[in-house]
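So you can see what is in the structure, the chains are spelled out below.
There are 2 protein chains.
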Amino acid sequence: MGGGQIERWQSVAARKRSTRESILQGYSKWRLDRVPDADVLDVSELCLSKLTDKEKVIVHHDATELIAAIVSKQYTAVEVLWAFIKVAIVAQDTTNCLTEIFFDDGLTRAEECDRYLEETGNVLGPLHGLPVSVKDHILLKGQDTSTGYILWANKTIADEDATAVALLRKAGAVLYAKTANPQTLLSLETNNNVFGRTLNVFNRKLSPGGSSGGEGALIAAHGSPLGLGTDIGGSIRTPAAFSGLYGFKPSVARMPHAGLMGSQAGMDNMVGALGPIATSARDLELFSRVMLQYEPWFLEPPLLRMPWQEEVAKGKGLPKKLSIAILWDDGVVAPHPPIRAALEEAKAALLAAGHEVLDWQPLNHHMAVWTLICKLYLLDGGKEYHDTLNQAGEPAVPQTAWILSQHTQAYTAAQTWPLNVEREAIRTQVLRYWNETVSRTGTGRPFDAILCPCHPTLASEHDTTRWWGYTSYWNLLDYTAAVFPVGRHQKDHKYDWDLPAARNPTEEYIHSLWDAERYQNAPVSLQLVGRRHDEEKVLAVLDSVEGALKKARKIEESKDERD
Amino acid sequence: MGGGQIERWQSVAARKRSTRESILQGYSKWRLDRVPDADVLDVSELCLSKLTDKEKVIVHHDATELIAAIVSKQYTAVEVLWAFIKVAIVAQDTTNCLTEIFFDDGLTRAEECDRYLEETGNVLGPLHGLPVSVKDHILLKGQDTSTGYILWANKTIADEDATAVALLRKAGAVLYAKTANPQTLLSLETNNNVFGRTLNVFNRKLSPGGSSGGEGALIAAHGSPLGLGTDIGGSIRTPAAFSGLYGFKPSVARMPHAGLMGSQAGMDNMVGALGPIATSARDLELFSRVMLQYEPWFLEPPLLRMPWQEEVAKGKGLPKKLSIAILWDDGVVAPHPPIRAALEEAKAALLAAGHEVLDWQPLNHHMAVWTLICKLYLLDGGKEYHDTLNQAGEPAVPQTAWILSQHTQAYTAAQTWPLNVEREAIRTQVLRYWNETVSRTGTGRPFDAILCPCHPTLASEHDTTRWWGYTSYWNLLDYTAAVFPVGRHQKDHKYDWDLPAARNPTEEYIHSLWDAERYQNAPVSLQLVGRRHDEEKVLAVLDSVEGALKKARKIEESKDERD
Chain A
1 MGGGQIERWQ SVAARKRSTR ESILQGYSKW RLDRVPDADV LDVSELCLSK LTDKEKVIVH
61 HDATELIAAI VSKQYTAVEV LWAFIKVAIV AQDTTNCLTE IFFDDGLTRA EECDRYLEET
121 GNVLGPLHGL PVSVKDHILL KGQDTSTGYI LWANKTIADE DATAVALLRK AGAVLYAKTA
181 NPQTLLSLET NNNVFGRTLN VFNRKLSPGG SSGGEGALIA AHGSPLGLGT DIGGSIRTPA
241 AFSGLYGFKP SVARMPHAGL MGSQAGMDNM VGALGPIATS ARDLELFSRV MLQYEPWFLE
301 PPLLRMPWQE EVAKGKGLPK KLSIAILWDD GVVAPHPPIR AALEEAKAAL LAAGHEVLDW
361 QPLNHHMAVW TLICKLYLLD GGKEYHDTLN QAGEPAVPQT AWILSQHTQA YTAAQTWPLN
421 VEREAIRTQV LRYWNETVSR TGTGRPFDAI LCPCHPTLAS EHDTTRWWGY TSYWNLLDYT
481 AAVFPVGRHQ KDHKYDWDLP AARNPTEEYI HSLWDAERYQ NAPVSLQLVG RRHDEEKVLA
541 VLDSVEGALK KARKIEESKD ERD
Chain B
1 MGGGQIERWQ SVAARKRSTR ESILQGYSKW RLDRVPDADV LDVSELCLSK LTDKEKVIVH
61 HDATELIAAI VSKQYTAVEV LWAFIKVAIV AQDTTNCLTE IFFDDGLTRA EECDRYLEET
121 GNVLGPLHGL PVSVKDHILL KGQDTSTGYI LWANKTIADE DATAVALLRK AGAVLYAKTA
181 NPQTLLSLET NNNVFGRTLN VFNRKLSPGG SSGGEGALIA AHGSPLGLGT DIGGSIRTPA
241 AFSGLYGFKP SVARMPHAGL MGSQAGMDNM VGALGPIATS ARDLELFSRV MLQYEPWFLE
301 PPLLRMPWQE EVAKGKGLPK KLSIAILWDD GVVAPHPPIR AALEEAKAAL LAAGHEVLDW
361 QPLNHHMAVW TLICKLYLLD GGKEYHDTLN QAGEPAVPQT AWILSQHTQA YTAAQTWPLN
421 VEREAIRTQV LRYWNETVSR TGTGRPFDAI LCPCHPTLAS EHDTTRWWGY TSYWNLLDYT
481 AAVFPVGRHQ KDHKYDWDLP AARNPTEEYI HSLWDAERYQ NAPVSLQLVG RRHDEEKVLA
541 VLDSVEGALK KARKIEESKD ERD
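These protein sequence lines are chains A and B, in that order. Note that the first sequence covers residues 1 to 563 in full-length UniProt numbering. Note that the second sequence covers residues 1 to 563 in full-length UniProt numbering.
Quick caveat, the hints were computed from the structure, so don't treat them as lab data. Every value quoted in this text rests on a predicted model; they were computed, and no experiment measured them. Be a bit skeptical, because a hint or two may be false.
Any copy will do: because identical chains look the same in the list, a pair fits if it lies in one copy or spans two.
Claimed, not checked - In silico lysine-lysine, DSBU-like type, Cα no more than 35 Å apart, as pairs: (1) Lys316 to Lys491; (2) Lys170 to Lys320; (3) Lys316 to Lys170; (4) Lys321 to Lys170; (5) Lys155 to Lys550; (6) Lys155 to Lys554.
Work out the full structure, taking the sequences as your base and the hints as a guide.
Here's what the structure looks like:
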């Protein structure tokens with residue numbers, strides 16, 4: 001590297017990866033003797049291979065249970081963290097899910113938790129001792145925040161924590177690792193030139209989704225019980241869906257959102273939300289409750305002064321008979337058979353549990369909405385993204401190239417106003433449509449929630465993601481959405497449903513991908529959508545939906561046993 | 001007017017005024033035999049000159065009392081409306097406050113209210129029979145919405161009501177007139193080429209403020225008990241202050257806001273709020289409560305799902321000892337002596353009532369904030385405003401010319417992002433400052449509210465308004481603010497305070513205007529500011545502040561009597 005010349009991007013990446021590697025070498029005892037070849041697809045069991053039996057039990061607990069176990073001194077915070085660290089190390093070596101690693105800090109903090117509990121009998125906070133992982137672009141004091149950009153790598157050590165991170169610390173959580181996000185963050189896969197590509201734990205030919213894909217991979221591997229993600233088009237929900245986890249995208253400005261590194265700071269025509277990825281629905285509630293318990297509206301100006309209604313989230317006031325709408329197909333890309341089958345199963349289970357199930361007729365505008373969303377994502381024609389890549393001389397990864405090709409016109413300020421008007425018109429149209437469903441339901445209420453795919457495919461094969469419509473549509477509307485797992489796809493499963501004829505090139509491409517073998521072992525997930533500011537209600541309805549599914553499966557199992 | 005040529009602007013204005021005149025001629029019995037000459041300054045008594053004694057009593061009631069009196073059949077809705085109509089006619093002829101007049105519709109509706117009550121014993125809604133006036137740019141079905149633009153005059157008959165208007169109707173209110181707003185709406189005076197200039201009822205050489213200046217004039221004249229205004233820089237508060245009324249600017253998106261005609265539709269870098277102008281503090285609460293009772297968040301996507309907390313607004317949970325901060329001077333333009341004196345009086349009264357009063361140290365950024373605000377108002381360099389004037393060939397009125405000169409650069413979309421970042425940084429700075437006041441107060445809480453001028457002058461002499469900082473600053477922060485009257489200025493009053501040396505040309509200009517004679521008879525008002533989403537609390541604190549002032553004055557009076 002000559003004087004005044006910028007470092008080649010490959011060299012920045014190598015330096016960044018070597019720093020990570022040298023930290024991991026301090027934990028070499030917990031690394032695999034041999035990292036499996038690429039053709040070993042499912043590494044989920046391997047990720048647990050360094051654990052004792054007790055540690056295996058530990059990493060299978062959800063956050064709620066872990067905290068209770070630490071507080072009741074069944075486990076120490078230190079042994080809990082060690083269990084997750086051991087998994088995280090193998091998960092990193094097999095899926096490339098971590099960016100910044102600071103296990104030592106985490107262990108120090110875990111010791112502090114244990115000592116405090118021992119000495120005072122009190123907890124540090126409602127997340128006492130809980131290990132929590134954090135998506136790369138979320139500021140964590142003292143840690144680099146390269147956010148998948150070569151330009152930012154090694155140059156973005158955070159001076160302070162993001163609000164959500166500060167609140168996690170206040171609540172007694174233990175931070176120990178940051179996780180991969182894709183170049184530009186504007187991707188539903190996770191790949192960047194700094195750290196490379198992140199892989200799906202259940203099938204490494206597949207993506208863990210994005211942009212919170214490092215979280216998805218790490219948590220699915222049981223290398224973290226709970227993680228912080230962000231979502232402006234599906235970036236919490238897609239990783240949750242692709243890895244069989246729970247993900248929650250609240251309405252904009254309900255959860256803390258300050259302290260995120262990213263492009264286009266100050267762009268507020270379409271805004272994202274921070275939320276949890278977890279292994280249980282109740283952990284989504286736990287996270288939300290704890291964040292709002294600290295009245296973050298007194299910390300960040302944009303946040304809404306809407307206290308968390310724990311009782312509502314836990315079902316208070318929720319009618320016994322729900323009216324659930326199913327969006328089977330958004331009119332642009334019909335979902336692949338396993339997802340259709342999952343919706344069918346859920347419908348039957350809901351009906352069996354006494355709920356009402358009707359169709360959400362897709363408004364004939366999902367492609368137009370996507371076109372608008374791309375304009376809003378790229379109001380400068382993508383210039384800032386391109387500039388950030390070009391300044392470091394790094395190439396766009398394929399998913400970046402694809403999304404940046406979706407809109408290339410740079411707008412003036414005044415040209416953005418009609419786009420906002422269009423956005424509001426769409427929001428009004430859907431609001432009215434939802435209101436009017438009161439005339440179709442038998443409950444005297446409009447629909448309680450919408451059940452729909454999270455993505456038209458199971459976990460995407462790398463570089464094949466082309467349709468964000470099932471998630472980004474709800475971002476445009478600023479609706480609340482939770483993703484939850486319903487099963488795992490196996491290649492020999494027969495689905496009673498064929499893909500319909502393709503209606504457009506996007507659908508043609510996505511339908512061409514359908515092959516039961518390709519998606520072997522991929523989780524099957526669904527999405528539950530509520531109205532704006534319906535966070536608590538969506539979680540309450542999710543509990544009912546999961547209850548109905550569980551009950552129906554029990555009946556099915558007992559039938560099978562009788563047969 | 002030749003074929004294909006556009007109508008000259010003077011002709012459009014003449015047509016519009018003649019339509020209004022012809023409607024008024026249908027009520028000639030209630031017009032003055034002779035409109036007083038311009039040198040008759042105070043027309044407030046004159047406005048009541050056509051009323052019976054009973055009608056005089058009626059128009060001096062606030063909305064709360066009027067509704068109660070109609071519901072208890074002390075008055076009919078028809079006689080109430082007639083009383084206000086009679087005043088409105090004279091107010092129009094002396095202050096030019098009305099735009100669209102539809103007294104007949106109002107009377108029909110008032111009859112309907114009376115009949116319904118008579119026949120069913122029930123009320124139509126919580127505003128049963130209440131006359132309400134509406135600012136011109138707020139859509140009212142069937143009425144033109146020229147909004148002070150020649151281009152729009154006669155061409156903007158509303159297809160439907162604004163949400164707030166629809167809710168007023170639902171609540172049983174009676175609509176009968178629309179009121180003047182200035183050209184562009186971006187003015188704290190009220191003057192446009194369509195209808196001309198609106199005058200202050202108490203001194204016609206002075207402005208009633210703007211942009212809801214028609215409301216201010218009409219309500220101050222007792223030609224309406226309650227009116228709908230909007231505020232993006234002081235447009236509810238300034239008219240309320242200049243006319244001795246109560247005005248309430250809630251945080252953005254708490255009150256209905258859809259259905260407003262105006263320039264820059266879709267510009268959301270800085271957004272306004274709709275709110276009431278009234279003759280009592282309790283009517284501000286009444287209006288807010290009624291609006292939110294209809295859950296308008298299910299009618300308009302941007303609205304926040306934050307139900308009105310009536311009990312909080314009425315003082316529940318409000319500590320007995322409040323900690324009030326006074327912003328004496330924003331560091332740019334020190335207010336004129338009557339306003340300073342009013343703050344001094346309020347301070348003494350609050351202390352006497354046992355409250356704590358401390359100084360709000362102005363952050364050294366009020367001029368910078370104003371510069372940012374002007375950029376946000378005029379992100380296209382004012383092009384859309386200029387175009388709307390130019391397309392009709394109408395000239396800018398002086399206040400338009402002044403505000404449009406404040407920022408002339410057209411930005412790209414990307415150039416607006418750093419402005420939003422700057423806006424958020426300012427919001428964060430003030431949020432933190434407010435939080436930190438907990439260390440200065442003796443209550444264990446940060447300040448409960450800020451008491452400050454609403455404007456550096458009393459009602460402006462026409463075309464002299466130059467400093468919006470005392471109102472627009474709170475818009476930028478999205479804080480809640482209420483304006484309330486504290487007295488009336490008389491030219492022979494001696495103030496124990498001289499204006500300090502001017503610190504900048506704006507202050508120099510505004511201080512040059514100070515002359516006790518010039519502002520003869522102008523109301524003196526103050527502003528009470530709360531944090532974002534503090535609507536209910538601000539009204540509760542306002543009640544305490546008014547209580548303290550009333551008590552102090554009673555003591556003062558009884559002292560005077562003893563002397």
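Verification of the supplied hints:
1. Lys316 to Lys491: neither (41 Å within a copy, 63 Å between copies)
2. Lys170 to Lys320: between (37 Å within a copy, 32 Å between copies)
3. Lys316 to Lys170: both (28 Å within a copy, 31 Å between copies)
4. Lys321 to Lys170: Only across copies: lysine 321 and lysine 170 sit 31 Å apart there, 39 Å inside one copy, limit 35 Å.
5. Lys155 to Lys550: neither (49 Å within a copy, 61 Å between copies)
6. Lys155 to Lys554: neither (54 Å within a copy, 66 Å between copies)
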